[in-house]
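Participant: Same order as they appear, the protein sequences are chains A and B. Counting along the first sequence from 1, when you hit position 104 you're at 104 in this note's numbering, and nothing is skipped either side. Counting along the second sequence from 1, when you hit position 32 you're at 32 in this note's numbering, and nothing is skipped either side.
Keep in mind that a hint or two might mislead.
Partial pick of chain B residues on the chain A-facing surface, computed with a CB cut under 7 Å [as the list claims (entries may be wrong)]:
| no. | residue |
| --- | --- |
| 1 | L47 |
| 2 | G78 |
| 3 | E79 |
| 4 | T115 |
| 5 | F121 |
| 6 | R123 |
| 7 | V125 |
| 8 | G134 |
| 9 | S136 |
For the record, the hints were derived by calculation from the structure and aren't laboratory data. Glycine included, every Cβ here is placed at the ideal spot set by N, Cα and C.
Okay, here's what each chain looks like letter by letter:
There are 2 protein chains.
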Amino acid sequence: MTKAAASPDPKSKAEIEEGSVFAPRFDAEGLVPAVVTSAATGEVLMLAYMNQDALTRTIETGEAHYWSRSRSRLWRKGEESGNGQRVVEMRTDCDQDAIWLKVELTGNAEACCHTGRRSCFYRAVAGGAAPGGGPSLRFVDAERQFDPETAYRHADAAKRTLKSSE
Amino acid sequence: MTKAAASPDPKSKAEIEEGSVFAPRFDAEGLVPAVVTSAATGEVLMLAYMNQDALTRTIETGEAHYWSRSRSRLWRKGEESGNGQRVVEMRTDCDQDAIWLKVELTGNAEACCHTGRRSCFYRAVAGGAAPGGGPSLRFVDAERQFDPETAYRHADAAKRTLKSSE
Numbered sequence: 001m002t003k004a005a006a007s008p009d010p011k012s013k014a015e016i017e018e019g020s021v022f023a024p025r026f027d028a029e030g031l032v033p034a035v036v037t038s039a040a041t042g043e044v045l046m047l048a049y050m051n052q053d054a055l056t057r058t059i060e061t062g063e064a065h066y067w068s069r070s071r072s073r074l075w076r077k078g079e080e081s082g083n084g085q086r087v088v089e090m091r092t093d094c095d096q097d098a099i100w101l102k103v104e105l106t107g108n109a110e111a112c113c114h115t116g117r118r119s120c121f122y123r124a125v126a127g128g129a130a131p132g133g134g135p136s137l138r139f140v141d142a143e144r145q146f147d148p149e150t151a152y153r154h155a156d157a158a159k160r161t162l163k164s165s166e
Numbered sequence: 001m002t003k004a005a006a007s008p009d010p011k012s013k014a015e016i017e018e019g020s021v022f023a024p025r026f027d028a029e030g031l032v033p034a035v036v037t038s039a040a041t042g043e044v045l046m047l048a049y050m051n052q053d054a055l056t057r058t059i060e061t062g063e064a065h066y067w068s069r070s071r072s073r074l075w076r077k078g079e080e081s082g083n084g085q086r087v088v089e090m091r092t093d094c095d096q097d098a099i100w101l102k103v104e105l106t107g108n109a110e111a112c113c114h115t116g117r118r119s120c121f122y123r124a125v126a127g128g129a130a131p132g133g134g135p136s137l138r139f140v141d142a143e144r145q146f147d148p149e150t151a152y153r154h155a156d157a158a159k160r161t162l163k164s165s166e
């Protein structure tokens, strides 16, 4: 594979793929995708994005930090919902443009998704077409572990304040 | 979360998050990231990208297809190496901008990575700094299942031909 145009990294393919220096390759927006799985069950919980700052803080604190693309800001998982993630292991892939975090869920609710579910991946793509056209989705492992209305009430209030000050 | 600017999808947040219509939201480059795990062991094997065509072909054939960003072309996993992926389950996440594929590995080698490893995530980020600075990487589950020199000999030849024709 050739190197992504966005990376200013001068490392060789061999250094990137077979080396022992962690040199993550961020995309044109300065982000790298992070796959997050449960260290306990192995299930995929979410896919998030990290910039250099989020990555550094995650490594330094052992608590998962991400870059929120919708809110354009650094985000410590759980800072609003209380449902954080302690990093058990961090890996990178062959070309160092993706991260895999194995995490333990902290907080009262065993949940990662803002909808209250344990995993963000609570729907499977089914074979048949949905009434609206296209393949349909089937809810799986979709039980809510917390009520998002309650968990994000404080956060919503804070967001409204933020927006009104813009 | 607000909708990504790149998505032309007119669906509401409620339809996207709680609906049963599969309406994947591609990024500005027309891609959606796909987390690929082993249906047998649950381990994360790779992170790849799909465009609409790759997604459609994957759903229609049950064989994982991706968009190669480095080669700018559709790619059926295993078409060169022989190590393909049969899709056991496909899921999408809350805001439908990520895919999770649980796959069975087909072909002789139990491997997904072009370096010959089972998973692309064969290095863990260690606490200490590497000689070159920055955190170091520790090889884990890094045994090669096939020899990439042999597996991609034909592919390399094809790539050289392609490049020479550009």
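Participant: Take the hints in turn and mark each one as holding or not.
Facilitator: Taking the hints in turn, this is what the structure says about them:
1. L47: holds, 4 Å
2. G78: violated, 16 Å
3. E79: Interface hint status for E79/B: violated (15 Å vs cutoff 7 Å).
4. T115: Hint on T115/B: holds, closest Cβ of chain A at ~5 Å, below 7 Å.
5. F121: holds, 4 Å
6. R123: It holds, given that the least Cβ distance between R123/B and chain A is near 6 Å, below 7 Å.
7. V125: holds, 4 Å
8. G134: holds, 5 Å
9. S136: This interface hint holds because 5 Å falls under the 7 Å limit.
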